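All chains should be modelled from the sequences, with the hints used to inform the complete structure.
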Amino acid sequence: MNTTQHITAGIDIGSLSTDAVILRGEQIIAYNVVPTLSSSESAASLAYDSALESAGLAHADVSNVVATGYGRTSTSLAGKAVTEITCHAVGARRLFPQAMTVIDIGGQDSKVIRLSDDGRVEDFAMNDKCAAGTGRFLEVMARALDTDLKSLGHLATLATQDIRISSTCTVFAESEVVALVAKGVPKENIIRGLHRSIAERIYGMVVRLRAGAPFVMTGGVAKNSGVVTAIEERLGTKVLLPEEPQIVGALGAAIIAAKHEH
Amino acid sequence: MSKCSGDKQVKAKNCDPCSPPSVDCCSSAVTTEQNDSPTLWFENMIDNCYDYAIDAKSNSRPIVGIMCEYAPRELIMAAGGVPVCLCGGSAKTIPAAEDYLPANLCPLIKSTFGYHITKTNPFLEMADLVVAETTCDGKKKMFELMAETKAVHLMELPQKQDDSEAFEHWVTEIHKLKAELETRFDVQITPEKIREASRIMNRERNLRRGLAGLMKADAPPLTGRQLLNFKSIISGIPTDLEKYEEAAEILRSHSRNGDMSSRVRVLLTGVPVVHGAERVVDIIEESGGLIVCMENCTGLKPILEDVDLNAADPIRALAKKYFHIHCAVMTRNTRRIDYLRALTAEYRAECVIDLVWQACVTYDIESYQVRRLAEQELHVPYLRIETDYSPSDSARIAVRVEALFETLRSSYRTGQPCRK
Chain A
1 MNTTQHITAG IDIGSLSTDA VILRGEQIIA YNVVPTLSSS ESAASLAYDS ALESAGLAHA
61 DVSNVVATGY GRTSTSLAGK AVTEITCHAV GARRLFPQAM TVIDIGGQDS KVIRLSDDGR
121 VEDFAMNDKC AAGTGRFLEV MARALDTDLK SLGHLATLAT QDIRISSTCT VFAESEVVAL
181 VAKGVPKENI IRGLHRSIAE RIYGMVVRLR AGAPFVMTGG VAKNSGVVTA IEERLGTKVL
241 LPEEPQIVGA LGAAIIAAKH EH
Chain B
1 MSKCSGDKQV KAKNCDPCSP PSVDCCSSAV TTEQNDSPTL WFENMIDNCY DYAIDAKSNS
61 RPIVGIMCEY APRELIMAAG GVPVCLCGGS AKTIPAAEDY LPANLCPLIK STFGYHITKT
121 NPFLEMADLV VAETTCDGKK KMFELMAETK AVHLMELPQK QDDSEAFEHW VTEIHKLKAE
181 LETRFDVQIT PEKIREASRI MNRERNLRRG LAGLMKADAP PLTGRQLLNF KSIISGIPTD
241 LEKYEEAAEI LRSHSRNGDM SSRVRVLLTG VPVVHGAERV VDIIEESGGL IVCMENCTGL
301 KPILEDVDLN AADPIRALAK KYFHIHCAVM TRNTRRIDYL RALTAEYRAE CVIDLVWQAC
361 VTYDIESYQV RRLAEQELHV PYLRIETDYS PSDSARIAVR VEALFETLRS SYRTGQPCRK
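Sequence order for the protein chains is A and B. Note that the working numbering has the first sequence beginning at 1, numbered continuously upward. Note that the working numbering has the second sequence beginning at 1, numbered continuously upward.
None of these hints come from the bench; they were simulated from the model. None of these values were measured; they are calculated from a predicted model. All the pointers check out, no bait thrown in.
Only pairs whose alpha carbons sit at most 20 Å apart, straight line, appear in this in silico SDA-like list of lysine to any residue:
1. Lys80/A to Ser262/B
2. Lys259/A to Arg409/B
3. Lys80/A to Gly288/B
4. Lys80/A to Arg396/B
5. Lys80/A to Ser410/B
6. Lys80/A to Glu286/B
7. Lys259/A to Ser410/B
8. Lys80/A to Leu408/B
9. Lys150/B to Thr134/B
10. Lys80/A to Arg409/B
11. Lys80/A to Ala395/B
12. Lys80/A to Glu285/B
13. Lys80/A to Asp259/B
14. Lys80/A to His260/A
Sample of chain B residues with no beta-carbon within 12 Å of chain A, all distances over it, derived:
15. Leu154
16. Glu168
17. Ala217
Note that beta-carbon positions come from the ideal geometry of N, C-alpha and C, so glycine has one too.
In structure tokens:
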């Protein structure tokens, strides 16, 4: 099937951000990331419409749209919904054909996806009921430390001592952080401890899945260099980082849309 | 049956599992066709059971609550009693239970106990006795608290299934229950009465197995949820048995439902899905799956074996049947693994989903062996879902279930249609 002429789109409606990717054939011609805020439907429209606009396209130019993410079934823009697990696998494989494992840490989920040689999802692990070790977890901790989310990665490099945060539960870890602050432990050390606790959790999932290198990291938390470093240290190997880790799910959705457009 | 049982289907559909029927149940019109449908009959299951229990009570039959499939229903029936399952499936009663029980306890135990505290399960309120067993630690210790304000008879369940002395102890425990029932209700439980009750229960198990067996078809005539709805909280209700026969007849003649053959065939194992707590079942079937086999206490597990009607000692025959139930409290629980192996093949399941109620230690740990069986021996994907009765993680469970189905249909055929 010759798809090079076709325009397709993927929309990843996450809990914190909504991302849209427009493909012409296999090429990304536009993408956009917006906060999801209170309505996944309007976030999807906003992300999609402005991505289309920057590509100089209209709805009618797009032959197929696939939605993914938490809000995947709540938009009328897409013809089909596919889970973010499949989409992240497809997107990560497109960016890194050698990838065997995808580590995706998003707003309220963390997942490890093991791929087969031909790129299919073989197995995956995902956090169950809580937001432990996710983007939301880091948001809460940044607030508890009176720090900007974006500076966590840099601050972690200034740590002088390795401390252990034993709770990965957001609620318990927050009290643990507050107690450490009260004891006068430097903020930098606490931040590094938090990153290490996330890495420990991811490592547990990797071991359970018997997943192996090469690892790709996707999702918003991959933008935090402190978490990436902690995960690399724990895994004992470098991880592959997409230029824009947040749009990998939407990219996968757009690729699936291209394969299945009719 | 009660003259007003037929028109309760509308409200019964979404009713609180244990709330008593409202008094205006005779006010709306009802057609005979609706009355005849077994599906509609079981949609009214709680109301039907309530009518049956009230009727039994007014005829001086004792109501005996049970909370586990190890409770030998036949013995209760042989004592003239009505065995009613009291397992709670509602999140609503959990906060009340947490005033007494730890929050980190299985939701089934908390919900059941919460009904006791809030006095909102009419079946528990009318129960003259509760038969309890030392199964898991959570239930065992909860029963101690329940016994402070309710008549509870505790059976000590041995947990080494293949040990002959353990079995002899179980026989003794059944004799003790018999003595308790005879004294408390001033009846004589004769061997013939036990055999008669066993005959009824064998028939019920056989009919339910027959309905479950319909799921072996390429395009089964019903969903797993519809099959689950056929489970009644009271065993041996004559109308239920008639409706089972009717249902089997109607469903066998159903035309093949093409949609069913394209769904992913799921074997669901793990903890029981009691009335009111069917959320995960619905998520699985709304995500493109079809639960062809439910290997748990609300599915096939307790009905796989019958009671030997020709045994010289009917008590030992009962003991044998019940001691074989492969709950995760047993050690080692190899029967569960053997049944899972056989049922996966028999029902041609494409994946195994293992449901674990949060803080259910025995099923939680045993999931390791189930995963190993599925992945390494049966070579079918395995998904473990640990949750409780609160719906907060429904979206997350749906992601995992849909992703599992996507891995099985790598062409993404199972992608869900978006809202129009």
